[in-house]
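Numbering follows this note's numbering, with no gaps: position 20 of the sequence shown is 20.
Among the hints, a few may not be true.
To be verified - Cβ-Cβ distance ranges computed for the label pairs, FRET-style: (1) PRO36 to ASP9: 23 to 29 Å; (2) PRO40 to LEU19: 30 to 36 Å; (3) VAL4 to PHE46: 20 to 26 Å.
Think of the hints as simulated: they come from the structure by calculation, not from any bench.
Predicted model only: the values in this text are computed from it and were never measured.
Glycine is no exception: its CB is placed at the ideal position from the N, C-alpha and C atoms.
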Amino acid sequence: MGGVFAIGDVATYPGKLKLILQGFSEAAMAAHAIHPIVFPETALHFEYSTTKGVPGG
Numbered sequence: 001m002g003g004v005f006a007i008g009d010v011a012t013y014p015g016k017l018k019l020i021l022q023g024f025s026e027a028a029m030a031a032h033a034i035h036p037i038v039f040p041e042t043a044l045h046f047e048y049s050t051t052k053g054v055p056g057g
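With the sequences and hints as input, model every part of the structure.
See below:
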């Protein structure tokens, strides 16, 4: 159980782009991978900013 999760400058893999935006993507993927370890009995339901609509609209 568990493991090491890394994002940003410390994470390397083939095809990695050295962009700040890549770190944001890696953070989301790490959170998705970590969730079943921390909460094995709970389903993960990701919500995206586009599913909430426009604030105040």
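message: Tell me the hint numbers this structure goes against, listed in increasing order.
response: none
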